[in-house]
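Trainee: Sequence:
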Amino acid sequence: MNKRTLLGALALGVAASVALVGCASGTGGNPGGAGSDTQSKKITVGVFNGWPEGEAASYLWQQVLEQKGYDVTLEYADAGPVFLGLAKGDYDVAFDGWLPTTHATYFKKYGKDLVDVGAWNDDAKLTLAVNADAPIDSIDQLAASADAFGGRIVGIEPGAGLTEAMNKKVIPEYGLEKMDFITSSTPSMLAELKKALDADQNIAVTLWRPHWAYDAYDLKDLKDPKGALGAAESIHTVTRTGFSDDFPDANTWFTAFKMDSDLLFSLENVMFREKHKQSEYAGIVKKWMSENQDYVDSLTA
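Residue numbers 5 to 305, in the numbering used here, belong to the letters of the sequence shown in order.
No wet-lab data here; the hints were simulated from the structure.
Yeah, the Cβ is synthetic: ideal placement off N, Cα and C, and Gly gets one too.
A portion of the hints provided could be inaccurate.
35 Å max Cα-Cα, derived DSBU-like pairs, lysine-lysine [unchecked claim]:
1. Lys116 / Lys230
2. Lys290 / Lys129
3. Lys116 / Lys72
4. Lys112 / Lys129
5. Lys281 / Lys230
6. Lys182 / Lys172
7. Lys45 / Lys281
8. Lys279 / Lys262
9. Lys113 / Lys46
10. Lys92 / Lys290
11. Lys198 / Lys230
12. Lys198 / Lys92
13. Lys172 / Lys262
14. Lys182 / Lys199
15. Lys116 / Lys182
16. Lys291 / Lys281
Cβ-Cβ distance ranges computed for the label pairs, FRET-style [what the hints assert, rightly or not]:
17. Ala136 / Ser265: 13 to 23 Å
18. Asp249 / Asp219: 36 to 46 Å
19. Pro229 / Lys72: 46 to 56 Å
Working from the sequences, and respecting the hints, build out all of it.
Mentor: Listed below in structure tokens is the structure:
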């Protein structure tokens, strides 16, 4: 091989190498080009046990993201473990952070490892609810009327922020220590609520807005003159640190995410008012999405 032929062959080899490097840099971990999400597109959502607004938002976003080519896994746990999982990086996002009161403890504990992406609903409120025809209208009347409610208040999960508010503020401030505060799970509370209402009995339960139970049953919120349950709150999307770098597109969509209570109620109602298996939620949400297509399209506009 003469000198000219050798130099030509070397030049071709260098050009081929540059082309290969260029292809690799254009199709590796950043398939959509600068600023687009990573190639794996695997997102894990932490979902609070028994919190229907968070479940509804999580299933909605699972469908939206999967239509965009993501692989989305929903993992259920109580609120505390979800916040811990976000802080450790086991979960990527959760859609049910209540601020400034209900989940303030978790933000204080894990704040440096969490990112508050923003509020998607501003009509959240912790409540102590009773049947609409109950003989009282305010929490400060409950202790004197404890017998009318069987001497008990039916709560939700022990680790819930609402349960913490009841134990640390509502019960001591309103002198409810002689009543039994029963905690187990949200489904158990809802079953107790339905059972009492069907039997035309008084019942007091810890609840919150937005919740489909207010559409399904005739309830009223007890007034809270001492403000022990806090003022209206906002529901926030929370991610692990680094999520916006790994998934800039999804993070942009989450930042812009808004859902008013009427729209949320309509999604919750089709998911939870009737008893459905969890495996049926995806199909139910898809149908709801088809009936609210303009809104769904706006989520990733």
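Trainee: Now tell me, hint by hint, if it's right for this structure.
Mentor: Comparing the hints with the structure gives:
1. Lys116 / Lys230: holds, 32 Å
2. Lys290 / Lys129: holds, 28 Å
3. Lys116 / Lys72: holds, 30 Å
4. Lys112 / Lys129: holds, 20 Å
5. Lys281 / Lys230: violated, 40 Å
6. Lys182 / Lys172: Given pair Lys182, Lys172 holds - Cα atoms ~15 Å apart, limit 35 Å.
7. Lys45 / Lys281: holds, 27 Å
8. Lys279 / Lys262: holds, 27 Å
9. Lys113 / Lys46: Holds, because 27 Å separates the two Cα atoms, which is no more than 35 Å.
10. Lys92 / Lys290: OK: Lys92 and Lys290 at ~32 Å, within 35 Å.
11. Lys198 / Lys230: Satisfied, since the Cα-Cα distance of roughly 29 Å is no more than 35 Å.
12. Lys198 / Lys92: violated, 38 Å
13. Lys172 / Lys262: Within the cut-off at roughly 32 Å; holds.
14. Lys182 / Lys199: Holds. Lys182 to Lys199 sits at ~23 Å (cutoff 35 Å).
15. Lys116 / Lys182: Roughly 40 Å between the alpha carbons, so the hint for Lys116 and Lys182 is violated.
16. Lys291 / Lys281: holds, 16 Å
17. Ala136 / Ser265: 13 to 23 Å: holds, 20 Å
18. Asp249 / Asp219: 36 to 46 Å: Holds: the Cβ-Cβ distance is about 40 Å, inside 36 to 46 Å.
19. Pro229 / Lys72: 46 to 56 Å: holds, 48 Å
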